[in-house]
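Chains as they are written, first to last, in the working numbering: chain A, 1 to 241; chain B, 242 to 384.
Hints should not be assumed to be uniformly reliable.
[What the hints assert, rightly or not] Subject to a maximum C-alpha distance of 27 Å in a straight line, what follows is the list of computed DSSO-like cross-link-like pairs (lysine-lysine):
hint	chain 1	residue 1	chain 2	residue 2
1	A	Lys55	A	Lys106
2	A	Lys215	A	Lys181
3	A	Lys181	A	Lys55
4	B	Lys356	A	Lys221
5	B	Lys356	A	Lys215
6	A	Lys215	B	Lys311
7	A	Lys76	B	Lys324
8	A	Lys106	A	Lys174
9	B	Lys316	B	Lys293
10	B	Lys356	B	Lys297
11	B	Lys303	B	Lys356
12	A	Lys215	B	Lys363
13	B	Lys295	B	Lys363
14	B	Lys297	B	Lys363
15	B	Lys311	A	Lys221
16	B	Lys293	B	Lys356
17	B	Lys324	B	Lys311
18	B	Lys356	B	Lys311
[Claimed, not checked] Restraint-style ranges between C-beta atoms, simulated for each label pair:
hint	chain 1	residue 1	chain 2	residue 2	range
19	A	Lys173	B	Thr313	56 to 64 Å
20	A	Lys76	B	Gly364	29 to 37 Å
21	B	Thr313	A	Ser175	22 to 30 Å
22	A	Asn187	B	Lys303	50 to 58 Å
23	A	Phe95	B	Gly364	43 to 51 Å
24	B	Gly364	A	Ser189	54 to 62 Å
25	A	Tyr198	B	Asn302	40 to 48 Å
26	A	Trp238	B	Leu304	24 to 32 Å
27	B	Lys324	A	Met205	18 to 26 Å
28	A	Ala83	B	Val332	52 to 60 Å
29	A	Arg186	B	Leu304	38 to 46 Å
To be clear, the hints were calculated from the coordinates, so they are not data collected in a lab.
Using N, Cα and C, we set each Cβ at its ideal position, and we do this for glycine too.
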Amino acid sequence: MANFNTHFVVGASASAGISGVLLSMEIIAPTEAVMAFLLGTFGSLMPDVDADNSKSIGIGFTIISFLVTILAMFIKSSTYSIAEMLIMAVVIFSFIRFGLISIFRKISRHRGMFHSIPVAFIWGIVTAIVMHLMFTLDGLVSWVYGLMVIFGYLVHLILDEIYSVDLGNRRIKKSFGTALKLFRLRNSSDIYQNILIYISLFALMSIAPDTSLVKEALFSKEAWINFQDVLLPYDGRWFFH
Amino acid sequence: MITRYKFIIIITTSILLFGCTPVSELKPSTVKPPIITSASSLDYGYPPQRYKEKIKRYFSNKLSRGAISKYTFSKPHRAFKRKGLAYGGTVSWRGWLVDVDISTPSRTGRIYSSKPYMVLFKGSVIVEDILGRNHKLLTRVGR
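Please take these sequences and the hints and turn them into a complete structure.
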């Protein structure tokens, strides 16, 4: 399997490429493209949070702790004093960064369902819902951010699968097929886990933002025409417009 | 033991995740405003005056090539919008909403693409625009 640096470099490069294309197609604004790039890169590191000693789990939980802490401060900023907010921030941050992380380490298993396609979609949909309902972003931008997380996540899974094929020795490692999977059925508890994951996926989809804008912007005939329109220099003059 | 512990954690997390999301309240509807019906039409103010001209001027400054775009307007209707849940979720705006379709040429000028916007007015002043025909935090009330 690929190491942290490989996941970071490939995830960031792929996310930068996609963000650039979306910017060029005028689907998102420059500031939104930066955010899309960051979310794609974050998504490409997320699957390894189930590895107890990986860098990803530390980075992932630090970012989540910061986000939740900042969110709580936003909500309470009009009622709490600075001292109360400071205490609240320390408690929330410590609870998530040092408390939840140890529970998560106990219950998670590396290359379990965290390395799977449906979980990639769950994270993406959660991102879209948070952006839409928490921060009032419109349906298009919320979904672009959600899709960037899914994209980064899938890049990670594909990279893991690529690294499980040893081209030099012409053999397939034991880890092949454990990353890019739709379900996992190794023991009885896996069945409950799979059912819960798919129920969560459909339940989240029912409260997700409207998909019509993103379908039209990215997955329609018009989107393809728009892409072709900006793919090559329209006047045939390369670099001298 | 760990499997049982894990199962309990998954169930609890799922319940918390869905329990914290006010699904039914956020669906856009055209039925009626919530508790504030008695404050009724006065709270929404008067319909915006010369709204087409104002919207065109607004998007001319905001969108690239907005000045040469083609606009299609709906009639104004009342609506209200809540703040994001990160900011408390209370009603942040109540006024008049105009749906606009803006057909903008691409930067090469070879194709036109149309996007729907909702323009929110307070009196005759534009306070915000939202891409799309609906938003889960926005409720249309009627004319």
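* Asked: Of the numbered hints stated previously, which ones are contradicted by the structure, given in increasing order?
  -> 12, 17, 21, 28, 29
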